[in-house]
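Colleague: Spelled out from the first residue to the last, the chains are:
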Amino acid sequence: MLKKSSVWLVVLVAVVAIAFIATGCAKKQVVKEEAAAKPMVEAKKEEAPAPAPAPAPAPAPREEAKPEAPAPPPPKIEAAPVVEKVAPPDLRGLRIQFAFDDYNLSTRSKENLEKIAGWLSKDRAAKIQIEGHTCDIGTPEYNLALGERRANSAKKYLEGLGVNAVRISTISYGEERPMVPNSDEANRSKNRRDEFLQSK
Amino acid sequence: MKKGFFILLATLLLLPLLAESLWAKVYIDIRSPSFRKFPIAVSPFKAPASPNGDLKLGERATEILNNDLTICGFFALIDPRTFAENTVRGQPAGSPSGTGQIPGVPGAETIDFRPWANIGAEALVLGEVTFKDQSLTLEARLYDVVKKELIVGKRYIGEITDLSRMVHRFADEVVFVLTGEQGIFQTQIVYVSTATGNKEVFLMDFDGRNVKQITRHQSICLSPRFSPDGKKIAFTSYKAGNPDLYIKDMRTGEERRVAHFPGLNISPAWSPDGQRLALTLSKDGDGNPEIYTMQLDGSHLHRLTNNPAIDVSPTWSPDGKRLAFVSNRGGSPQIYVMDVTGENVQRLTFEGNYNTHPAWSPRGERIAFDALLDGNHNICTIQPNGSDHRLLTANLNRCETPSWSPDGRHLVFSSTREGGPHIYLMDAEGTRIKRLTFQRGGDTYPNWSPRLKQ
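Those protein sequence lines, which keep their order, are chains R and W. The C-terminal position of the first sequence is numbered 1506 in the numbering used here, with every residue numbered one higher than the one before it. The C-terminal position of the second sequence is numbered 570 in the numbering used here, with every residue numbered one higher than the one before it.
Chain W on its own, in the form it takes in the complex (with noise of 0.2 Å):
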């Protein structure tokens, strides 16, 4: 993706006999139904002066990891300053007094973990920041306060840009060790925006970091999707006049149109193998738009949907076998679920008059969708059965387009709650708002992509 992307040297003192024990140690079951949530602190991150000036790195690096610890929902998250004055003396590697070079690598019996025990933490991060030679690098390991124990440590070197990824890779070695599942902290969000005037499609960490301009189309760009391998965006763009449909290459950057047929080419899903792309077409029917599949280079085009009325917006569940759609053929728009061969199509949503925009969880057991009620855009879940219709943002200004996280965890969504329209982000419980873009102008379409292994 990048050149001289940090690579990870070496997984420091995990013990064999230490580590076999570990993996099978969960330390979280955030599936148990009385999971709460897990103690942990961070130690602010050590930062020897760098020649260059303070660049601030270990106060950097400790607010990311903080906001992934405190973003997953996991964790809670203890701070250290509860105990500052009396124990800055007794805490070994997390002091922010360190300088020089990176010291040897502490073993868990220098560390004295009675401050950290009394505040309550049963995990603690300590970690340290080196710039030199143009040269980044960052060690943090987690320990078990309670065992006294290395639970894991990594050390990563890149360059200075690489700051927030090293910090993400790490939050997700945390993760993945406590909880026995993958995080989400090395993923992006793409969405549309209007900074430049223009509709453009823009690229985000999850996080709301490193936002990045991807088309410069100068015209209207809409619903970027993310491949399920995370290397391609789908989208529509009236570059060419016409809302038509392009994938372009994250990589590479090529783009290629992959429909132009009259009328509509728009509402992008990738089939969950990435082989196909279910969309909507306005070019048989007189011009009504319907759902078809197609294979990424435009051939072997199906069409779906039959019906007079307006037929908008697929989404795959996550087996490939069925597709939830936007339909007014009941007199306002609802959502329906069908067989991929557009055969056993039920409707779900009768709970107001009008519901659009599904996206299917990713592991199946939900679909989240824009539900107009009481004249305001909320984001509601129900199964896909049609039971258990929930409503996550109520009181809120025009919440719409919300997109799962691998995780299944959390949404994003735009909203006007605060101008705008932002994106923001909450987990899937409706719960814990966060506001992800500070640009000026709107920004709209969020779409989480997959798990960026780097």
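Looking at chain R on its own, in the form it has when it is part of the complex (with noise of 0.2 Å):
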């Protein structure tokens, strides 16, 4: 657990210096240091089609670096660097998988749970919910209890990252809110997962 956050520590030290070089304008700063991380993240994944990792911003190619969505405006409280707003990652692309019947993280889970410790470590203020669901295979009482526990898995993973847990909610669903309907195994497989919203 040590020596993954110090490992995440190097990570952010250098996204946040890389982007310091790479724009002398502070009022882009957020913007260009969240196009900045994403390579350098990606790049730690050995299995990543290896975008360069050098502070270009190109795009990584997965899932959570679809074209950005309106891209963010420029914070408006740019002068006052006491209380940094983060402009908070694509939450919805980090959402990660389960196994069948299992709560237990995946490398790539991790991953993206570093990202949003990452993000939560900027942003101090900022509070993240996290909604744990199944597929439809189960009862519904288990399937709670099972979304429940990854739900657990992911906050507990925060946790460990240094992320206050006051600052972490969770709630199960279960199987009542899929993401695309339990038709077959590619979509179950879908459903079996952690969703991240940002919450008040």
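Hints may contain errors.
Said to hold, decoys possible - Simulated pairs of lysine to any residue, SDA-like, Cα-Cα distance not exceeding 25 Å:
| id | chain 1 | residue 1 | chain 2 | residue 2 |
| --- | --- | --- | --- | --- |
| 1 | R | Lys1433 | W | Gly401 |
| 2 | R | Lys1496 | W | Tyr354 |
| 3 | R | Lys1433 | W | His376 |
| 4 | W | Lys263 | W | Thr186 |
| 5 | W | Lys270 | W | Leu171 |
Claimed, not checked - Listed next, the stretches of chain R that the computed footprint assigns to chain W, with coverage defined by at least 3 CB atoms under 8 Å from CB atoms of chain W:
| id | region |
| --- | --- |
| 6 | 1445 to 1458 |
| 7 | 1468 to 1480 |
I should point out that these hints are in silico values taken from the structure, not numbers from a laboratory. The structure presented is a predicted model; accordingly, all values stated were derived computationally and were not measured. Beta carbons are placed, not taken as given, at the ideal position from N, Cα and C, and that holds for glycine.
Join the two chains into one complex using the hints; note that each chain is given alone, in its own frame.
Modeller: Here it is as structure tokens:
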């Protein structure tokens, strides 16, 4: 755990440094930082199709990098560096998947959670809700329990990365809110997931 | 429950001497291994034309009664049409040609039982429904065809909407007088339906009639469970954002939130005395679902399980001493039993690697549950000592969440065998499956009420 968080700190420092070099404009710092951060983290993945780890804002070829929705507007409180308002990452794209009847985190899930922790460490005011979901195999009550465990697996991992527990809430929806219809195994597998939402 | 509910006016023509001998006699020994279905005929109920037009009251009453007597499994219904033409004339009280006022009580001596005996009926029901001055009257009599005697006769008076209840009540009389056991016809089933677009709790009679929406939370309602007196239901709802536990009074409609701890407040199970609920909470131990008991006001909270695995879906033994529940402590979800103190935990199911949703039968001799076998959900039962595992629903699609009838002879469950899912009823051996719900949307989580005394 300790080792992981120090690795992550190094990444974070690198990201900030690169972003700082890449842009002199304080106004756009946040936006650039986001774009630059992705390839850096992605580069850690052995299976990632090697995006150049250069600071070039090449979009990572992953689902979370789908052409950014409305580019976050430049922050209004540009000059005040006291509480840094950091645009959240694409939380939808960072949803994590689970194996059937399982609540263990995969390597990829952990990486996604590390991105979320990175954001939460910068935006100290941000809070997050984790929704645990299941596919429709199994009875609804057991699936509520399973969804609860999935949400709490993610919560514990974020806590291990230094995120204060009070900033993380969890809720299980079991099989009640599928992302896609449970029509085949491919879809069911998509429904075995945690979703992340910024909460107030 | 409802204003102007019908009152039982009179028990007709039960001669004291005859009555005594009747109570002693059981026509059908339903517990005997050599039990055979008792041949009974229901003559179409008469319904004198109502001034409000043809309400088909006779047909409706006959259909409801036939359905009741078929579902319960004790009877072989003999179709009166098998002797139609030649005997209509000789059929005194059952003839659909009667008009006008309720006739005088037909003594058994005025009835020609021969045609009924000839088609093999050993008991005969004759009845009549009249609707006059906003008042509905149902008269029905059960005769012993062999002895040519009246066994029981009843008259019920109420509103037009009471027809099915009157018939169910008479059907309960028939079962009681012939078997010595209470029937199940005055019972209801709560379930969850998406007919409105949200998951709401609905209520229907045990035969699928009189569907009523119970909750309007516009959220997700789950796991409705009748209290042992049938007056309340406990259920989970996301109405306030979190899966919290509610109790609703079915008479007043009043709703109380009785558990809203952080995390899960799910899978309520009423203790047999109705004083406590077993439930699943995840408030302790890093959000791990564990089983607790508490009183209905939320006090006296006791944690029964203490295991890093999932523990969920408790169900009480009828003596209130033990609970069956689901745990994945062995690596996959299986059914376990424990004392109500949380001690003496024993694993019951070893067949298959996914067994959930236990329901302890009212007599205590079996536990029904949901088993994932070859990728499909099926209803199974097992004895509480783990022996005699039986598969009830082979080759049906997704049979889930079984719940027992109060006499332990039937189960309701949800299945996607015809889309839906819809609610189905079957007998405890897994035969004679009957679909109960026909709304649009999906119907799940059925829970059968206790007998509801009027």
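Colleague: For each hint, tell me whether it holds in the structure or not.
Modeller: Comparing the hints with the structure gives:
no., hint, in the structure
1, R:Lys1433 <-> W:Gly401, "holds (22 Å)"
2, R:Lys1496 <-> W:Tyr354, "holds (23 Å)"
3, R:Lys1433 <-> W:His376, "holds (22 Å)"
4, W:Lys263 <-> W:Thr186, "holds (24 Å)"
5, W:Lys270 <-> W:Leu171, "holds (22 Å)"
6, 1445 to 1458, "holds (count 11)"
7, 1468 to 1480, "holds (count 4)"
Going through the hint list in order, the structure satisfies each hint without exception.
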